Amino acid sequence: MNVLPARTSSVRVGRRRLSRDERLGYLLILPSLGAVFVVVTIPFVLVVIQSISSEDGTLIGLRNFTRALENPLLYDAIRATAEYTVLVLPVEILLGLSFALLVHRTVLRPGLRAAIYVLAILPLVVPPVAIGVVARLIYAPGYGVLNVILERLGLMHQEVNWLGDPTLAMLAVASVDVWQWTPFVYLVLFSGLQTVPRESVEAAQIDGANWWAQFRYIDLAYLRPLFVLIIFFRLADVLRVFDHVFILTGGGPGTTTQLLSLYMYRVEFKFFDAGQAAALAVLVLVSFSLLYSLISRALPLERA
Amino acid sequence: MQSITRREFVKRTALAGALLTPIPAILEACSTGTPTTTKTTKLTIAAVQGAEDGPLKKVAPMYQSQSGITMEIVEFPYDQLFEKLVTTFQANGSSYDLCMMDDPWMPKFGTMGALQPLDSNFGFTRDSDIPSIVYDVGTWPPPHGPVPPSEQGKSQHLYGITIVGNVEMFMYRKDLATTAPSSWDDVLANAMKFNKPNFYGYVIRGKATNPASSDSLPILWSFGGDIFDTSWKVMLDSTESIDAITFLTQSLKKYAEPGAANIDAADRDRLIAIGQAFQSTTWPAEVTGVVEAQGVSQVIGKMAYIPIPKGPSGKGLGMMGNWLLGIPKGSKNGSAAADFIKWLIKSDNMKTYVQNGGIPTRTSLLNDPALGQANPYFPALAQSLAAQPNWRPRTDQWNAVETIYGTAVNQAVAGLKSPKDALTAAAAQVRTAMKQAGYPS
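Chains as they are written, first to last, in our numbering: chain A, 153 to 456; chain B, -19 to 421.
Fair warning: there could be bad hints in the mix.
What the hints assert, rightly or not - Taking beta-carbon pairs under 8 Å as the criterion, some of the chain B residues facing chain A (in silico):
| no. | residue |
| --- | --- |
| 1 | Pro41 |
| 2 | Lys187 |
| 3 | Ala188 |
| 4 | Asn242 |
| 5 | Asp247 |
| 6 | Ala394 |
| 7 | Leu396 |
Said to hold, decoys possible - Derived DSBU-like pairs (lysine-lysine); straight-line CA-CA distance at most 30 Å:
| no. | chain 1 | residue 1 | chain 2 | residue 2 |
| --- | --- | --- | --- | --- |
| 8 | B | Lys282 | B | Lys309 |
| 9 | B | Lys213 | A | Lys422 |
| 10 | A | Lys422 | B | Lys309 |
| 11 | B | Lys400 | A | Lys422 |
| 12 | B | Lys19 | A | Lys422 |
| 13 | A | Lys422 | B | Lys64 |
| 14 | B | Lys233 | A | Lys422 |
Unchecked claim - For the chain A half of the interface with chain B, some residues (derived, Cβ under 7 Å), not all of them:
| no. | residue |
| --- | --- |
| 15 | Ala267 |
| 16 | Leu315 |
| 17 | Gly404 |
| 18 | Gly406 |
I should point out that these hints are in silico values taken from the structure, not numbers from a laboratory.
Please read all numbers here as calculations on a predicted model, not as lab measurements.
We treat Cβ as the ideally placed atom computed from N, Cα and C, and that holds for glycine.
Please build the complete structure, drawing on both the sequences and the hints.
Below, the structure is given as structure tokens:
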């Protein structure tokens, strides 16, 4: 029989020796850390090197950053991304929250809740390209379903140029995002509402709290960290939005809906300016890291 | 025998698993790749997905049965094909033995030195039955027009052979108009005459970037405008260029479909095919794929196809959009790939290719009455090729220039900017981009 040595804390002065379990733990995570290093760290370092190099590999300092920042199209893209974010984030959060509260308070049958859950999952699993194609069938000039419906209902008498008018084009691409991602907000907030203790709610009701007071003083406390999570995820997603915008408007009319992701794609794959594209990627990463830290300070998770 | 506890067994198994998991990946990374064989057994073609590679897919099995070489066609959408080829060439990859290339890509690939010369390496010579412009478009540096500064003085070689003889043409409803428009003034007069509710006098393909650029360049050239002059000086803000885009985005737009700023080729073909529009520019693939397609179009036999009408410059200049086959430098099967291209462009084989929907480059096939019966645009295509159509500027910066120019035209179509303001801003952007790339501007 093999007798295992007794586990010891093996603390030495100045430096603690790792126990067998700890060594095993580190060994087990080593392949994962290696994979992260290969697929995240190395590309990031390469992008940083690319951002300070010319096409032939010579180091050129911050020249790529200067060119990126001097390009007026960058500011068009930032403006378009900001408009898109301001449109989609509040709408998705308000709609998602409303649905979550509605279902939480009015739908009590488990079967019906499960059905709503499945329905909410559906938009999240549809490929964005397919959503873009369907949206184009809805908004397209000439044969778009939306124009046909509005016309048959007598709500308009001439075709609305959904994708050719700057304001409407931005609303059209934003509406697709709202359709696809409101269910995500709903699912996160609905799951948060399930963690609210029933006793707290019942006590508040006995004390005469109305629905708004219940929401403001009880539910919201439990949902606050989830709002941070949602804002984090959705901001990251907004930066990655590409497929449906590319299919619906191609960034047009002009550069009205050319979001940062589409602009960076064009700098890299149309202009083949790898240095400027890398500089843009680094700038975006740094800016959004700062933005994230500001958001997390404004809405600290610990408050819950 | 030494026994261990179950807990220890689980730990050791997990540890062994964790350590062994990356081994296949490490072995794969350390391998030297497939060894080169002397006899080619397979040719891999990177092709564009759609009407352009359809006929190629149909005739490739015939070559396979004759040669015994397996033909594999890997398809990509237009944009992705370009990106895939550029990244493959940058890595000198050997994934593809042949690649389909749109002709504006030739400067990029030529400048990169990404392709094997077909003349010096594989003995390709010009065939008198194929218009010289078709060979010129596959030659690098370009035999005529401005040459990029980095390419001046380099010896010319043939790097690509056209397998889709696309040239932009003009189409109109011959059942409504008795005479063909010979000038853009005639086009405007017809647009005005035939425009009525739910029937548009002209269709503008005005979606941002490539669509707006392709649609407007023949008009730009016919008005005497251009993107560059012969010494790479930017001409987008010249009076002729501004007049051309003003004509398209203001004069013709009055009679064009609503939402023209978001219209691409498929939308244009739909309007023509359902009988809701009178005229537009067109490409051969649009004619065979939609406008004259049985079961799809309501205007079969009602359309006429002609070369691009003349403008104030006295010229009507069509635009080349040839698709070529080239052999990447990284291919280890160059000879076999060259044999396939030679087989494909042989007269008999090209005829089979045309009968399967292909667009020929041989004058004899374009003028073949039987083939012309099934392809009513062939005479117009033959005339367009004989008239030496323009190609897009032969610069490796074309993608950037097209994006800037196509966005400016789109802005003018959408009414966001006046043609003059849009082109002036675009000219400044093009000058900056070209200067950064080492061109005089």
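In ascending order, which of the hints set out earlier in this document are inconsistent with the structure? 1, 8, 12 and 15
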